[in-house]
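**Q** Let's have the full structure, built from the sequences with the hints guiding it.
Residue numbers (our numbering): 19 to 197.
Heads up, some of the hints might be wrong.
[To be verified] Simulated DEER-style distance windows between Cβ atoms:
#, residue 1, residue 2, range
1, Gln159, Gly130, 22 to 32 Å
2, Ser131, Glu183, 21 to 31 Å
3, Asn30, Thr155, 47 to 57 Å
4, Ser24, Glu124, 15 to 25 Å
5, Asn51, Glu28, 39 to 49 Å
6, Asn51, Ser24, 40 to 50 Å
7, Ser177, Thr100, 41 to 51 Å
8, Ala134, Ser19, 25 to 35 Å
9, Ser190, Glu28, 49 to 59 Å
10, Ser187, Thr80, 38 to 48 Å
Bear in mind the hints are in silico, worked out from the structure with no lab data behind them. Here the structure is a predicted model, which is why all the values come from computation and not from measurement. Heads up, the beta-carbon is just placed ideally off N, CA and C, and yes, glycines get one too.
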Amino acid sequence: SITSWSITGEFNNSTPSDPPTTSGTTYTGSSFNSEGAGVTTSDLVISDAGTILDINVELNATGSYTDALSNRDFKLISPYGTIVDLAVSSAFSGAYSLSATVFDDEASTTIGSGSAPYMGSFQPDGSLSDFDQESMTGTWQLWVYSSTNSGAYDLSITSWSITVEYNDSTPSDPPTTSG
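**A** Following this line, the structure appears as structure tokens:
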């Protein structure tokens, strides 16, 4: 047991810099479980209007086994149908949790270079800027694929959210399908 502890700090009388801030509006999805082989999804509906300038995704997840993440791929799908790889299973060797893991194109470390529990900001495997200039309005989908049927690899997505910086300009047109 810890019987005592202390912190020693140095200071001066200068004005401290402002703390970092998160810009944009955050929209939160529902928790869900990814069990067995196959795809599991969670929808998030955004009714606000705006054209995306930047978007980040935060995930919190806990697995029931050390390699629970190593068998998973994570993707975000926009209302336009644009798909961005957040992380593919090879990025998570030996990991079972994500803790305040933010996927951000502007992060300095790739998700594949991170380590468990992946706390902080990481560049996704794909490019979130693929969503730039799209409308943010509609149904967003977090897509999780598992390649194993073993219950030992079950995963609970305890929370997920997207933070969108946007403006009021006219978004690009959604893609059209001919035929």
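**Q** A separate judgement is required for each hint: does it hold in the structure or not?
**A** Structure-based check of all given hints:
1. About 23 Å separates the C-beta atoms of Gln159 and Gly130, a value consistent with the hinted range of 22 to 32 Å.
2. A C-beta distance of roughly 25 Å is found between Ser131 and Glu183, which places it inside the suggested range of 21 to 31 Å.
3. Look at Asn30 against Thr155: about 48 Å separates their beta carbons, and that is inside 47 to 57 Å.
4. Roughly 37 Å separates the CB atoms of Ser24 and Glu124, a value that falls outside the hinted 15 to 25 Å.
5. The beta-carbon spacing between Asn51 and Glu28, approximately 47 Å, falls within the hinted interval of 39 to 49 Å.
6. Checking the proposed 40 to 50 Å range against Asn51 and Ser24 shows it holds: the Cβ atoms sit about 43 Å from each other.
7. Distance hint for Ser177 and Thr100: a CB-CB separation of about 23 Å, inconsistent with the stated range 41 to 51 Å.
8. Checked against the given bound of 25 to 35 Å, the beta carbons of Ala134 and Ser19, roughly 27 Å apart, stay inside it.
9. Checking the proposed 49 to 59 Å range against Ser190 and Glu28 shows it holds: the Cβ atoms sit about 51 Å from each other.
10. For the pair Ser187 and Thr80, the beta carbons lie near 39 Å from each other, so the given range of 38 to 48 Å is met.
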